[in-house]
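Novice: As you go down the protein sequences, you meet chains A and B in turn.
Take 1 as the starting number for the first sequence in my numbering and just add one per residue.
Take 1 as the starting number for the second sequence in my numbering and just add one per residue.
Don't take each hint at face value.
Claimed, not checked - Computed, partial: chain B to chain A, Cβ under 7 Å:
{"hint": "1", "residue": "Phe12"}
{"hint": "2", "residue": "Glu16"}
{"hint": "3", "residue": "Asp21"}
{"hint": "4", "residue": "Lys24"}
{"hint": "5", "residue": "Asn81"}
{"hint": "6", "residue": "Val97"}
{"hint": "7", "residue": "Asn98"}
{"hint": "8", "residue": "Val99"}
{"hint": "9", "residue": "Lys247"}
Unchecked claim - PhoX-like, lysine-lysine: derived pairs with alpha carbons at most 25 Å apart:
{"hint": "10", "chain 1": "A", "residue 1": "Lys108", "chain 2": "A", "residue 2": "Lys122"}
{"hint": "11", "chain 1": "A", "residue 1": "Lys147", "chain 2": "A", "residue 2": "Lys128"}
{"hint": "12", "chain 1": "A", "residue 1": "Lys128", "chain 2": "B", "residue 2": "Lys6"}
{"hint": "13", "chain 1": "B", "residue 1": "Lys25", "chain 2": "A", "residue 2": "Lys20"}
{"hint": "14", "chain 1": "A", "residue 1": "Lys6", "chain 2": "B", "residue 2": "Lys215"}
{"hint": "15", "chain 1": "B", "residue 1": "Lys137", "chain 2": "B", "residue 2": "Lys247"}
{"hint": "16", "chain 1": "A", "residue 1": "Lys186", "chain 2": "A", "residue 2": "Lys128"}
{"hint": "17", "chain 1": "B", "residue 1": "Lys248", "chain 2": "A", "residue 2": "Lys25"}
{"hint": "18", "chain 1": "B", "residue 1": "Lys137", "chain 2": "A", "residue 2": "Lys20"}
{"hint": "19", "chain 1": "B", "residue 1": "Lys9", "chain 2": "B", "residue 2": "Lys24"}
{"hint": "20", "chain 1": "A", "residue 1": "Lys128", "chain 2": "A", "residue 2": "Lys108"}
{"hint": "21", "chain 1": "B", "residue 1": "Lys6", "chain 2": "A", "residue 2": "Lys108"}
{"hint": "22", "chain 1": "B", "residue 1": "Lys9", "chain 2": "B", "residue 2": "Lys198"}
{"hint": "23", "chain 1": "B", "residue 1": "Lys25", "chain 2": "A", "residue 2": "Lys147"}
Everything labelled a hint here was simulated from the structure, so no lab data went into it.
For glycine and all other residues, C-beta sits at the position ideal for the given N, C-alpha and C.
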Amino acid sequence: MGIAIKAENIAIRYITGDFKDIGLKEYVMRKLTRNYHVKEFMAVDGVTFELEEGDMLGIIGSNGAGKSTLLKAVAGIMVPTRGTINAYGEVAALLELGSGFDGDLSVKENAYLRGAMLGYTKQFMDDKYSEIIDFAGLWEFENRPFKQLSSGMKSRLAFSIASMVNPDILILDEVLSVGDGAFQTKSAEKMREIISRGATTILVSHSLQQIRELCNKVLWLDHGRQIAFGEAQEICDRYEFYLQGKGDIGDGNIDATSAGCDLG
Amino acid sequence: MKTIQKFKKNYFLFSELVRRDFTKKYKRTILGMAWSVISPLLTLFVMHLVFSNLLGSNISHYTIYLFAGQLIFSFFSDSTNEGMTSLLNNAEIFTKVNVPKYMFLFSKNVSSLINFGITLAIFFAFVLLDGIDVTWKFVFLLYPILCLVIFNLGMGLILSALYVFFRDIQYLYSIFTLLLMYMSAIFYSIDGFSQIGKNLFLLNPIYVYIRYVRKIVIEGDIPSIWLHLIAAGYSIVAFAVGYLIYKKKNHSFLYYV
Chain A
1 MGIAIKAENI AIRYITGDFK DIGLKEYVMR KLTRNYHVKE FMAVDGVTFE
51 LEEGDMLGII GSNGAGKSTL LKAVAGIMVP TRGTINAYGE VAALLELGSG
101 FDGDLSVKEN AYLRGAMLGY TKQFMDDKYS EIIDFAGLWE FENRPFKQLS
151 SGMKSRLAFS IASMVNPDIL ILDEVLSVGD GAFQTKSAEK MREIISRGAT
201 TILVSHSLQQ IRELCNKVLW LDHGRQIAFG EAQEICDRYE FYLQGKGDIG
251 DGNIDATSAG CDLG
Chain B
1 MKTIQKFKKN YFLFSELVRR DFTKKYKRTI LGMAWSVISP LLTLFVMHLV
51 FSNLLGSNIS HYTIYLFAGQ LIFSFFSDST NEGMTSLLNN AEIFTKVNVP
101 KYMFLFSKNV SSLINFGITL AIFFAFVLLD GIDVTWKFVF LLYPILCLVI
151 FNLGMGLILS ALYVFFRDIQ YLYSIFTLLL MYMSAIFYSI DGFSQIGKNL
201 FLLNPIYVYI RYVRKIVIEG DIPSIWLHLI AAGYSIVAFA VGYLIYKKKN
251 HSFLYYV
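Okay, chain A solo, but in the shape it has when bound (with noise of 0.2 Å):
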């Protein structure tokens, strides 16, 4: 088994203040009048993993911990500022879902839109498109504008356009949640399909179980900084074990250290 995503000591820089929505000459005025204000930090800081081919992560954490961010540097999204990380293979990501569709255009079309923009080429789009409105069970909607579906429906669609994908590398942010019950059973399914055809996957998830069921490995993150990573259960107890307020992250910190080497 080889080496699908290798990050080495990664930090992520995010940039929030004064910059953004103000004009040029709002810009001038506050560097002028010192009034200009960036605030910096690391939205992600010092992680390192490996996971190997077929592996399944699961990254937890509360909310503001840098998971997203360290997703989207997965992705490509965004550059690490300082350490590298190295992706082999292709690379499907699915952050949020339902966002980035296009309210005026019709379900058909957006769902040619959004495969294009996962790098699908048409002639897969077309092989694929009944299947795809089958499996979000769409059919009727299929020439409506969008904006007419419901949020679930969205996610379902989303969901269904990206599940036909077989990448090497799949990341998932939150988006085994959606859906009612019956499409969260079938899209569980297609996941695990998926995961079974060897593709290496990294999954962001607030459900524990759901991280226990499906993942061999997780990544523990807290305001950036990495807790611990390795065996899923182990980390996954611990996890719980501090979030009912009985441990405390330093124990973790020590022992993730060791877990990290076990693997590595």
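With chain A's structure known, arrange chain B on it following the hints.
Specialist: Just chain B now, kept in the frame of chain A:
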């Protein structure tokens, strides 16, 4: 093999983006595409009404003179104004999917180019009606058009990047284009200016492209090698600057949206 695969994928994305821009632009207007043809004609009509007696009396083929200027200028203005918002309007996409960001601008430019093509066809109809001889030299018109397309792409890259950083660029740019229009000798002749004044006009890329077209169509002459070089120079510089900005800022755009 890999490059072919990549090209195929990008081509599909590109054509889907073009299709999207097109549907969105024309779907909900009754006149649809016709409007984008009528609008420059109306402008031409108004300008002709206002200026033909005032400024046009000693310019031969004044309608064509005016039309040539209006044709080039409105292509530039349409393409850059549409292009400016192209990157920001697709922020939801490029913050979630790793796609080549210049695609959004390029696809917008396709619809501007098609509009231009239609207006150009009408322009030729006017040329014939005006009794101008169409000669083999008209083939040379491809040259300024190609330069202008590249110049528009370059300016579009620059503007769309700037627009992500500073939203008020839009207002500044509309004032700038207005100024540029008056300085492009669209409805007046520059014959009255001194030699220095005439040379100053060459600092305006749009004037250069207009001059080229008029030289071919109205004067039936192939422009000097210098005009060729200047025309290409502007487009290459604009494109290179735009390319460098995109390359440098490729991963910073997402902080600003």
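Novice: Decide, hint by hint, whether the structure agrees.
Specialist: Verification of the hints:
The restraint placing Phe12(B) at the interface with chain A holds, with a minimum CB-CB distance near 5 Å, inside the 7 Å limit. The restraint placing Glu16(B) at the interface with chain A holds, with a minimum CB-CB distance near 4 Å, inside the 7 Å limit. Residue-level restraint check for Asp21(B) is violated (minimum Cβ-Cβ distance to chain A is 10 Å; threshold 7 Å). Taking 7 Å as the C-beta cut-off, the interface hint given for Lys24(B) holds, the closest approach to chain A being about 6 Å.
Nearest Cβ of chain A to the Cβ of Asn81(B): about 17 Å, over the 7 Å cut. The hint is violated. A hinted interface residue such as Val97(B) counts as satisfied when its beta carbon comes closer than 7 Å to some beta carbon of chain A; here the least separation is about 5 Å, so the hint holds. For Asn98(B), the suggested interface contact is upheld, since its CB lies about 4 Å from the closest CB of chain A, less than 7 Å. The criterion of a C-beta within 7 Å of any C-beta in chain A is met by Val99(B), whose closest approach is roughly 6 Å, and the hint holds.
Here the hint on Lys247(B) is broken, as its CB sits about 13 Å from the closest CB of chain A, past 7 Å. A hinted pair counts as satisfied when its Cα atoms are at most 25 Å apart, and Lys108(A) with Lys122(A) qualifies at roughly 13 Å. Restraint check for Lys147(A) and Lys128(A): satisfied, since their Cα atoms lie roughly 23 Å apart, inside the 25 Å limit. For the given pair, Lys128(A) sits about 20 Å from Lys6(B) by alpha-carbon distance, which is consistent with the 25 Å threshold.
For the proposed pair Lys25(B) and Lys20(A), the alpha carbon gap of about 28 Å is over 25 Å, so the pair is violated. Using a Cα cut-off of 25 Å, the hinted pair Lys6(A) and Lys215(B) is violated, with the two alpha carbons roughly 61 Å apart. Proposed proximity of Lys137(B) and Lys247(B) is contradicted: the alpha carbons are some 39 Å apart, above 25 Å. Between Lys186(A) and Lys128(A), the direct Cα distance comes to roughly 18 Å. Compliance with the 25 Å bound is thereby established for this hinted pair.
Our distance criterion of 25 Å between C-alpha atoms is met by Lys248(B) and Lys25(A), whose separation comes to about 23 Å. Between Lys137(B) and Lys20(A) the alpha-carbon distance is near 51 Å, which puts this suggested pair outside the 25 Å criterion. The straight-line distance between the Cα atoms of Lys9(B) and Lys24(B) is roughly 23 Å, inside the 25 Å bound, and the hint therefore holds. For the given pair, Lys128(A) sits about 12 Å from Lys108(A) by alpha-carbon distance, which is consistent with the 25 Å threshold.
The hinted pair formed by Lys6(B) and Lys108(A) meets the criterion: a straight-line CA distance of about 24 Å does not exceed 25 Å. Simply put, Lys9(B) and Lys198(B) have alpha-carbon atoms about 48 Å apart, too far for the 25 Å limit, and the pair is violated. Under the criterion of a C-alpha separation no larger than 25 Å, the hint pairing Lys25(B) with Lys147(A) is consistent with the structure, at around 17 Å.
Taken one by one, the earlier hints fail for this structure at numbers 3, 5, 9, 13, 14, 15, 18 and 22, listed in ascending order.
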